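Each chain, letter by letter, is given below.
2 protein chains.
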Amino acid sequence: IAQVLYDFTAEPGNNELTVKEGETLTITNQHIGGGWIEAQNSRGEIGLVPEDYIEVNSKSQFAKPVPRRHDHITTEECTFNSHQTINGNDPWSVWNADPSGGSNNNWASNPEGTQTGKTAPDPWSSVSQGHPQAYQGPAEDDEWDDEWDDMKSTGGYAESESGDGGGIQRGGAHATSMKISLNKFPGFSKSGPELYLLCKQLTKGKDKLPIYVGEVGPVWFYPETQLDCVVADPKKGSKMYGLKSYIEYQITPSTTNRPVNHRYKHFDWLYERLLDKFGSAIPIPSLPDKQVTGRFEEEFIKMRMERLQGWMSRMCRHPVVSSSEVFQLFLTYKDEKEWKMGKRKAEKDETVGVMIFSTIEPEAPDIDLIEVDQKCEQFSRFTKAMDDGVKEILTVGHEHWKRCTGPLPKEYQRIGKAFQNLSSVFNSSGYQGESTLTDAMTAAGKTYEEIAQMFAEQPKKDLHFLMETNNEYKGLLGCFPDTIGVHKAAIDKVKEGDKLVATSKITPHEKVTMAKRVSVMSYALQAEMNHFHSNRIYDYNRVMQLYLEEQVKFYETIAAKLRQAHGQFTTM
Amino acid sequence: IAQVLYDFTAEPGNNELTVKEGETLTITNQHIGGGWIEAQNSRGEIGLVPEDYIEVNSKSQFAKPVPRRHDHITTEECTFNSHQTINGNDPWSVWNADPSGGSNNNWASNPEGTQTGKTAPDPWSSVSQGHPQAYQGPAEDDEWDDEWDDMKSTGGYAESESGDGGGIQRGGAHATSMKISLNKFPGFSKSGPELYLLCKQLTKGKDKLPIYVGEVGPVWFYPETQLDCVVADPKKGSKMYGLKSYIEYQITPSTTNRPVNHRYKHFDWLYERLLDKFGSAIPIPSLPDKQVTGRFEEEFIKMRMERLQGWMSRMCRHPVVSSSEVFQLFLTYKDEKEWKMGKRKAEKDETVGVMIFSTIEPEAPDIDLIEVDQKCEQFSRFTKAMDDGVKEILTVGHEHWKRCTGPLPKEYQRIGKAFQNLSSVFNSSGYQGESTLTDAMTAAGKTYEEIAQMFAEQPKKDLHFLMETNNEYKGLLGCFPDTIGVHKAAIDKVKEGDKLVATSKITPHEKVTMAKRVSVMSYALQAEMNHFHSNRIYDYNRVMQLYLEEQVKFYETIAAKLRQAHGQFTTM
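First to last, the sequence lines map onto chains A and B.
Numbering-wise (the UniProt record's numbering), the first sequence opens with residue 1 and increments by one.
Numbering-wise (the UniProt record's numbering), the second sequence opens with residue 1 and increments by one.
All the pointers check out, no bait thrown in.
If several chains are the same, the list does not tell them apart, and a pair holds so long as it fits within one copy or across any two.
Pairs of lysine to any residue residues, derived as SDA-like cross-links and limited to a Cα-Cα distance of at most 20 angstroms, are as follows:
1. Lys553 x Glu450
2. Lys446 x Glu549
3. Lys410 x Pro459
4. Lys499 x Leu195
5. Lys417 x Phe465
6. Lys446 x Val396
7. Lys446 x Thr395
8. Lys265 x Met305
9. Lys461 x Glu399
10. Lys402 x Arg414
11. Lys410 x Leu394
12. Lys391 x Lys417
13. Lys553 x Arg563
14. Lys391 x Ser424
15. Lys391 x Lys410
16. Lys410 x Glu399
17. Lys265 x Glu306
18. Lys208 x Cys316
19. Lys417 x Asp462
20. Lys516 x Ile506
Simulated from the structure, these hints should not be mistaken for lab results.
Source: prediction; values computed, not measured.
Chain A extracted, bound-state conformation (with noise of 0.2 angstroms):
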């Protein structure tokens, strides 16, 4: 039994259900997935409707999907969390904090925690404050997300985009945010790794991902030629009479070489599928959102779109995401049918969550426990040392920008203008002959002036990329404690399978399987991690090198400046 929260019209041809807020309906399907749920109307009618619609009541509570605490942030609660995270919530604080086997005590303190759905000690309760890779940006950003992409759903907004069924469903998230955004994943809203580690039966077919052990241990995939695109030429457009306006970007993937259009909130939608489907095997970074500043619109616009760049490119260059059928048809789509068709399938799509590992096949022997919760371990430590180096680098990185474009400008200026200031009061002086020094001394001075200059336009052809890195970075590494976090978890209850069998709650051979998949896992997180590490080292070479590169232009420069001013005086 369930409540209808708001009106919702279904559309024709979806087997959907049209219902009014108040009404009563009858489950007949909790697991369709996709944020969609099966109910029944009064009238006998069954349909699906949007699962953020209806309030399901408290007797059926234990049937529903039991909401996990960490889930989709929606753009509201990402704001009021983010600020939770600046005064100190570190998302490795709680699993990471004692590197050397401390960080399972949270885990075996409430072994039944993660079954049980209980509310109370939940290691991802710190994890939850936030997405910790969101950036910190100012409150403007909103503004502009409000203005360009916002589906804040007015009733009638929302119905004209009525053939759009992820806008509709994004408009009702929004009036309703909380209650939402705690059922969106179905996968994650399962209580844990034990959907996957306990499942009667894999998905089959050709979804399989294998894993293959490489010279540098297990691997994805790899295709081979790789995915890239090109984002570009950003548009504006305009709907309701221009009172609403958005950005369209154009897509251009290297494969068919045909440019697709996509607004902000597409890219919003496919990283939502992405986590959705990933998310607990690989690392699915944030969107450029709160991250992007700038005071102008261009400048808004170029630096978002520089960002959805990175974001598409690190898309690309992941064998498992790029290969996705959602990405394939983000990237390749033919028509507005085939994406809204492709749209309903991806939303429906139930290998999701944990059971993404369903999917895999390592094509190497299983590791015992012992390794892959050495493998964890490992991997947490480095992911979380690395998130501090990066950090490190940031805050240094930070502050140096301000003092390249605040102080040293300032002061190089001022250095400048001093000497041409003692330039004129020489050119004054009324001896005869003087003209050499004074012309050197303005030109000196000139050149100061220039370095000045020089120092406050650098950052932007050298930190900002080293900045810019390290920022994807610490995205990317925000997303581990997610990630490893499920795999403790299924070790965890791997570990506990003597007395899980003992007490009767799983037999024998469910231990068993539960082993065998625990080292699928394993293999997931290593091909993950050597993905990781792989990218990292390419990313960083590729960096310091471009940073090294502008430096030493940089420092060439004024040193020619600089040189050129020491000619013009003479030594008499």
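Starting from the structure of chain A, add chain B where the hints point.
For chain B alone, kept in the frame of chain A given last:
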């Protein structure tokens, strides 16, 4: 009638008179000069007594040289007055605040002021607030002076140096600070330029200072080879069985190439003689006294020596100063006896203060008053403007120094550490084959640490000399208010010539003499300005070249280091 303030023991064979504190003397000749007065004691004995050691009774005040406010300031006063200078007293403010002519009004409002010696509105009063060139050094300098060059008299100590007339006098000077300093310079003590303008007979003979008219205008006579000297080899000596220590410097003039030794107090003695003798016509910059900073003994000695070298070089470069008897004595005395005799003679020199102009012989026709006035105004404007310009460079340079040695190295240090930290995190990844990256990142990090070090050390290599030169010029320029003030006073006196004739204060012939003599003064000022300009052009050319050369090297070295760091990264 005068009262003896302190005991004074006569040196045999010097016509000196031993006196006791409290004794009453009758002054028989107040115009001995060199700080001495001829007096008769109650027993009828006549002899010389240091002017500073006696207080002339009030009724004989008029007969006594009226103390000028602006006189030599002893160590203690200097410290005190410096603070006043900090608090906003600009020596330029009174007579040069309004270059359009307002400065003359100050004089006009009290045209008799300089003649009668009244203490009321006096254009010097603002100047007398302290040596404008006095560097506002830290208080610890006083301690250094105390330790090494102090002559603070215990009676016994002064006695122990009884063979050293200057020593005694200065010993007393410390004990009686204020009173003595007011009476120290007989030349300056005279109430103004009319001493020269109206004096009956000019000095004759070999001491004449010719002025020629060269390409740039009036110039001093320059010797064919320019004198120079090397100040080196500071040695610590001690007296009083090691209780008092001092530093003796070795000075080797380029003429004789024979070193002489001098303590700092001898330099100070020379400075006072030069100031007495040439101060009205030639800016004699203060010795590097308070200017010396340095936390450690060695650093202090090195810095003081460097500045004494700078001061001596500047004096050597001045054709009038370097060829003067007292300067030659200082550089070339052969033994103690010659030194002492020369000292006595120099101290008794009566051609001091404005009387120096009586020795100047321009080989050119008289200049009319309007032109004299214009020249003076021009120099006044220029030196004021340059003083501002120099101070601006010092301020900016000081800021830059602080940044280069403070926050900048810290920042580059932190950048270096951040790279190295990330490198060591990468090193812990367990991923194969990233040693190239981690080595390169460590190298880049170390490079930034080296750059930090370079930033911290660079100011000593370039900014230091720019600062020193500008500091020297600040000192020189600080003398111009005095020098130009003498000229302005003379011009004003000549301007009121008709009035003085009308009121029978001077004869018509004296008026003509005054006009001629102010023309001589103007030639001297012009020659001096031309000397100043040519030195200035040389000095600034040299220091700017040095500064820029070192700056080029600095930035080139950074670029080279970064290029090397860059080379360690690989494009994979």
